[in-house]
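Student: If you read the protein sequences in the order shown, they are chains A and B.
Numbering-wise (my numbering), the first sequence opens with residue 1 and increments by one.
Numbering-wise (my numbering), the second sequence opens with residue 1 and increments by one.
Treat each hint with caution, since some may be false.
Any copy will do: because identical chains look the same in the list, a pair fits if it lies in one copy or spans two.
[Unchecked claim] Capping the alpha-carbon separation at 27 Å, the derived lysine-lysine pairs in DSS-like fashion look like this:
1) 366 <-> 234
2) 180 <-> 128
3) 344 <-> 144
4) 394 <-> 31
5) 242 <-> 409
6) 195 <-> 409
7) 105 <-> 390
8) 270 <-> 321
9) 157 <-> 321
10) 195 <-> 321
11) 271 <-> 321
12) 144 <-> 51
13) 245 <-> 105
14) 167 <-> 271
15) 339 <-> 309
16) 242 <-> 271
17) 321 <-> 344
18) 394 <-> 271
19) 157 <-> 242
20) 339 <-> 157
21) 413 <-> 242
22) 245 <-> 366
23) 344 <-> 309
24) 234 <-> 390
25) 225 <-> 180
26) 271 <-> 409
27) 242 <-> 31
It is worth saying that the hints were derived from the structure and are not from the lab.
There are 2 protein chains.
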Amino acid sequence: MQAEIITIGDEILIGQILDTNSKWIAEELNKIGVSVYQITSIQDDRQHILKAVEEAQFNADIVIITGGLGPTKDDITKLTLAEYFKDTLVLNEEMVAHIEQLFAKINYPFTEVNRNQALVPSTCIPLKNEFGTAPGMWFGQYNKVVVSLPGVPVEMKGLMTQSVLPKLQATFKLPFILHKTIITYGMGESMLAAKIEDWENNLPTFIKLAYLPSFGTVRLRLSAKGATNEMLEKAISREMEKLVKLIPEIIVGFEENETIEMVIGQLLTKKKQTLALAESCTGGNIAKMITSVAGASNYFVGGIVAYSKIVKIMELNVSEKTIADNTVVSAQTAEAMAKGIQQKYHTDYVIATTGNAGPTADETDKTVGTVFIAIATPTTIFSEEFFFGKPREKVIARASNKALELLRKEILKN
Amino acid sequence: MQAEIITIGDEILIGQILDTNSKWIAEELNKIGVSVYQITSIQDDRQHILKAVEEAQFNADIVIITGGLGPTKDDITKLTLAEYFKDTLVLNEEMVAHIEQLFAKINYPFTEVNRNQALVPSTCIPLKNEFGTAPGMWFGQYNKVVVSLPGVPVEMKGLMTQSVLPKLQATFKLPFILHKTIITYGMGESMLAAKIEDWENNLPTFIKLAYLPSFGTVRLRLSAKGATNEMLEKAISREMEKLVKLIPEIIVGFEENETIEMVIGQLLTKKKQTLALAESCTGGNIAKMITSVAGASNYFVGGIVAYSKIVKIMELNVSEKTIADNTVVSAQTAEAMAKGIQQKYHTDYVIATTGNAGPTADETDKTVGTVFIAIATPTTIFSEEFFFGKPREKVIARASNKALELLRKEILKN
Numbered sequence: 001m002q003a004e005i006i007t008i009g010d011e012i013l014i015g016q017i018l019d020t021n022s023k024w025i026a027e028e029l030n031k032i033g034v035s036v037y038q039i040t041s042i043q044d045d046r047q048h049i050l051k052a053v054e055e056a057q058f059n060a061d062i063v064i065i066t067g068g069l070g071p072t073k074d075d076i077t078k079l080t081l082a083e084y085f086k087d088t089l090v091l092n093e094e095m096v097a098h099i100e101q102l103f104a105k106i107n108y109p110f111t112e113v114n115r116n117q118a119l120v121p122s123t124c125i126p127l128k129n130e131f132g133t134a135p136g137m138w139f140g141q142y143n144k145v146v147v148s149l150p151g152v153p154v155e156m157k158g159l160m161t162q163s164v165l166p167k168l169q170a171t172f173k174l175p176f177i178l179h180k181t182i183i184t185y186g187m188g189e190s191m192l193a194a195k196i197e198d199w200e201n202n203l204p205t206f207i208k209l210a211y212l213p214s215f216g217t218v219r220l221r222l223s224a225k226g227a228t229n230e231m232l233e234k235a236i237s238r239e240m241e242k243l244v245k246l247i248p249e250i251i252v253g254f255e256e257n258e259t260i261e262m263v264i265g266q267l268l269t270k271k272k273q274t275l276a277l278a279e280s281c282t283g284g285n286i287a288k289m290i291t292s293v294a295g296a297s298n299y300f301v302g303g304i305v306a307y308s309k310i311v312k313i314m315e316l317n318v319s320e321k322t323i324a325d326n327t328v329v330s331a332q333t334a335e336a337m338a339k340g341i342q343q344k345y346h347t348d349y350v351i352a353t354t355g356n357a358g359p360t361a362d363e364t365d366k367t368v369g370t371v372f373i374a375i376a377t378p379t380t381i382f383s384e385e386f387f388f389g390k391p392r393e394k395v396i397a398r399a400s401n402k403a404l405e406l407l408r409k410e411i412l413k414n
Numbered sequence: 001m002q003a004e005i006i007t008i009g010d011e012i013l014i015g016q017i018l019d020t021n022s023k024w025i026a027e028e029l030n031k032i033g034v035s036v037y038q039i040t041s042i043q044d045d046r047q048h049i050l051k052a053v054e055e056a057q058f059n060a061d062i063v064i065i066t067g068g069l070g071p072t073k074d075d076i077t078k079l080t081l082a083e084y085f086k087d088t089l090v091l092n093e094e095m096v097a098h099i100e101q102l103f104a105k106i107n108y109p110f111t112e113v114n115r116n117q118a119l120v121p122s123t124c125i126p127l128k129n130e131f132g133t134a135p136g137m138w139f140g141q142y143n144k145v146v147v148s149l150p151g152v153p154v155e156m157k158g159l160m161t162q163s164v165l166p167k168l169q170a171t172f173k174l175p176f177i178l179h180k181t182i183i184t185y186g187m188g189e190s191m192l193a194a195k196i197e198d199w200e201n202n203l204p205t206f207i208k209l210a211y212l213p214s215f216g217t218v219r220l221r222l223s224a225k226g227a228t229n230e231m232l233e234k235a236i237s238r239e240m241e242k243l244v245k246l247i248p249e250i251i252v253g254f255e256e257n258e259t260i261e262m263v264i265g266q267l268l269t270k271k272k273q274t275l276a277l278a279e280s281c282t283g284g285n286i287a288k289m290i291t292s293v294a295g296a297s298n299y300f301v302g303g304i305v306a307y308s309k310i311v312k313i314m315e316l317n318v319s320e321k322t323i324a325d326n327t328v329v330s331a332q333t334a335e336a337m338a339k340g341i342q343q344k345y346h347t348d349y350v351i352a353t354t355g356n357a358g359p360t361a362d363e364t365d366k367t368v369g370t371v372f373i374a375i376a377t378p379t380t381i382f383s384e385e386f387f388f389g390k391p392r393e394k395v396i397a398r399a400s401n402k403a404l405e406l407l408r409k410e411i412l413k414n
């Protein structure tokens, strides 16, 4: 079963609004076994709407349209759909009552403009909008469905969840779809691809693999589609098992929305261990990632953003000689920072970072993009040198991910 | 001049990835006077790519394609474009050299898979990708242009800025478009709209206003389109002048990509003053924002992420009695944290934050979303209480923006 999503609204095409609706709808449709063939964003323009809906109906069984249902002049979706289906608008009394009720609740005067929101094409099934005045509209013809929804995310989501998804499941016999994700850290996409090439080439045709790379991490997603759920479960588990054996050392998690900071949080919580941070070049970014996880206060004691030399010396007890002999961007400084914060905060683990994120070289002799990461554990301290290129934001993001990757490996050892 | 944007990648159609590229590209194209006719997201599928490119070339003068240029098997954009243009792939030696250089820098083995990234259709102009191995590709025929770019945002943006936008401006005669942005902090969108309503209603028809709100900040963008640049400059300056008079107290900057952390950086650099941070509920996010600005080491001494009570007491010298009497989420604790970090780091300014970002209530009696922000200046310390709602990420983002907004006002006074 194929769907096409059409979003209507000039504000998307001038880059003013980020279209988050389509992603959400696509995800929900995929979950119930409907593939999305295409997502199309078009202008509030009659001709363009007519053309897009016609093409979408040709390509797909299900067309979901969002946007252009507001009460103002530039919202022409409803009129245009009536034209497309050679239909006329009629006042739906149930919708009038619903809209009146909404206005009574917020104590707003109910006007003719608002009443017009209850005008719908005569052949559609109007869908009640819990969070707004524009009803959804369901057009069904010859096992082809067109649904029109408002563009306001909370209204669209309410209508999808309460009406559209259940109606789709009742209308169509849908296949089973299963997704499994593996999260890896520490190997680039091309090296990873080379390492799992044979396995990938031998995947059954009903299983697809996607690489989703981002700043030192790659998500591998397997998607299987078939007639029975059991068969898919079995096949995808078998392939996952083989894959895990090929790259055990770089796998960090198996949940779609999991991040390494969440995995570290789970590990530290389980082991009742603690973490502190001494960040120079990452400038608080690792602390920000760690504390983005709800419950971080259970294991994250705190951190020092040692951006200046004086803070490294005064707060982290890095000796002036260490810095003079090796510069601040060095293994020695990174390890001294780690030692300093561990002695101060008495945590099981510590991450320390020092480097030059750019754009200009600092007073040291190190290239822009050079970062030293030190890790202290209950038993040892070590550091590694990395080169993360440019620009600044990439250096900070990759250094942060690499630091968390190193930390996770150490937590697993202890 | 019309453009169409095509994004290629199954991950968008299954709803795993939010397509932020198209919004960015649409915004940049609009800025140089190119309207976007349609944005289309399609699968990594040969037939589908061929069809989409053909239709886009029919609808628009300029087609910008992103995605599907990675080194792996599911990336088929390049091969399919070669087929579309009845062309063959040839090895581009300049690109080979560039990719080898990239690999040499990060000390990674250069493989056959990487060399293949330098294979490009013979008739295209390859565009050097500063941040990755996949070159961009520019196909020009009969005043119709097709451009293919990698989907990784930093790579796409680099190629657009350095190559594609300038080449489009050189190739086509584009109308004059002028944008001016005002960045405001501290007033919600609807209140702001009410305050400037009369002015907005009296704007000339060739000037459009856009509201771009985000976590406590609203960007107001004026766009004027016309035949001569001088006329636009004059008209837009006149309107800006009126607008500034209406809301002087909330305006933070006038540069499109300016952020409050950049404005603060400029102010502190100019005044040769310094800043330190004591963050609890914002967890390093303010430090991350401050250090995202190149040159932050000139004024940012460092910070303490005082996530636990013990760090507040030991490192920031907050008394146990203050916490016992008022809880950690209180004005008293926030101000004590500010005092503590200022005495320790000897900076002119200090921000301290303490609150509950949620999702669950802590041991204090404060509602989730409550945040106290304290500011210390060379002459005073004060704090304010805020309620930032939920979810967690919104509380952290709004608290960080509000803290920087308060800080800026104090810097301007001193």
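Student: Look at each hint and say if it fits the structure.
Tutor: Hint-by-hint comparison with the structure:
Within a single copy, residue 366 and residue 234 get their C-alpha atoms no closer than 52 Å, and across copies no closer than 48 Å, so neither meets the 27 Å cut-off. Taking CA atoms no more than 27 Å apart as the test, residue 180 paired with residue 128 passes in neither setting, with 31 Å inside one copy and 35 Å between copies. With identical chains, the CA atoms of residue 344 and residue 144 are never at most 27 Å apart, being 63 Å at best within one copy and 64 Å at best between copies. Within a single copy, residue 394 and residue 31 get their C-alpha atoms only as close as 30 Å, which misses the 27 Å cut-off; across copies the closest is 26 Å, which meets it.
Proximity of residue 242 to residue 409 under the C-alpha cut-off of 27 Å is restricted to the intra-copy arrangement: shortest distance 22 Å within a copy versus 59 Å between copies. Taking the shortest alpha-carbon separations for residue 195 and residue 409, only the intra-copy value of 21 Å comes in at or below 27 Å, while the best inter-copy value is 55 Å. In the homo-oligomer, the alpha carbons of residue 105 and residue 390 lie at most 27 Å apart only across protomers (11 Å), although the nearest pairing inside one protomer, at 44 Å, exceeds that limit. In this assembly of identical chains, residue 270 and residue 321 lie within 27 Å of each other by CA distance neither inside one copy nor across copies; the values are 40 Å within and 32 Å between.
In this homomeric assembly, residue 157 and residue 321 never come within 27 Å of each other (Cα to Cα): the closest approach is 53 Å inside a single copy and 43 Å across copies. Proximity of residue 195 and residue 321 under a CA criterion of 27 Å is satisfied in neither setting, with 45 Å inside one chain copy and 59 Å between copies. Taking CA atoms no more than 27 Å apart as the test, residue 271 paired with residue 321 passes in neither setting, with 37 Å inside one copy and 32 Å between copies. Both within a single protomer and between protomers do residue 144 and residue 51 lie at most 27 Å apart by alpha-carbon distance, with minima of 17 Å and 22 Å respectively.
In this assembly of identical chains, the alpha carbons of residue 245 and residue 105 never lie at most 27 Å apart, being 52 Å within a copy and 31 Å across copies at closest. Proximity of residue 167 and residue 271 under a CA criterion of 27 Å is satisfied in neither setting, with 41 Å inside one chain copy and 57 Å between copies. In this assembly of identical chains, the alpha carbons of residue 339 and residue 309 lie at most 27 Å apart whether taken from the same copy (16 Å) or from different copies (22 Å). Taking the shortest alpha-carbon separations for residue 242 and residue 271, neither the intra-copy value of 29 Å nor the inter-copy value of 61 Å comes in at or below 27 Å.
In this assembly of identical chains, the alpha carbons of residue 321 and residue 344 lie at most 27 Å apart whether taken from the same copy (20 Å) or from different copies (22 Å). In the homo-oligomer, the alpha carbons of residue 394 and residue 271 never lie at most 27 Å apart, since the shortest distance is 32 Å inside one protomer and 30 Å across protomers. Neither within a single protomer nor between protomers do residue 157 and residue 242 lie at most 27 Å apart by alpha-carbon distance, with minima of 34 Å and 37 Å respectively. In this assembly of identical chains, the alpha carbons of residue 339 and residue 157 never lie at most 27 Å apart, being 43 Å within a copy and 40 Å across copies at closest.
In the homo-oligomer, the alpha carbons of residue 413 and residue 242 lie at most 27 Å apart inside one protomer (24 Å), although the nearest pairing across protomers, at 64 Å, exceeds that limit. For the identical chains of this complex, residue 245 and residue 366 are neighbours neither inside a copy (38 Å) nor across copies (48 Å), given an alpha-carbon limit of 27 Å. For a Cα distance limit of 27 Å, the shortest separation of residue 344 from residue 309 qualifies both inside one copy, at 18 Å, and across copies, at 14 Å. For a Cα distance limit of 27 Å, the shortest separation of residue 234 from residue 390 qualifies neither inside one copy, at 43 Å, nor across copies, at 39 Å.
For the homomeric pair residue 225 and residue 180, the shortest alpha-carbon distance inside one copy (12 Å) is at most 27 Å, but the shortest distance between copies (49 Å) is not. For the identical chains of this complex, residue 271 and residue 409 are intra-copy neighbours only, at 14 Å inside a copy versus 45 Å across copies, given an alpha-carbon limit of 27 Å. Taking the closest pair of Cα atoms, residue 242 and residue 31 come within 27 Å of each other only inside a single copy of the chain (23 Å); across copies the shortest separation is 50 Å, beyond that limit.
When the structure is compared with the earlier hints, violations turn up for hints 1, 2, 3, 8, 9, 10, 11, 13, 14, 16, 18, 19, 20, 22, 24 and for no others.
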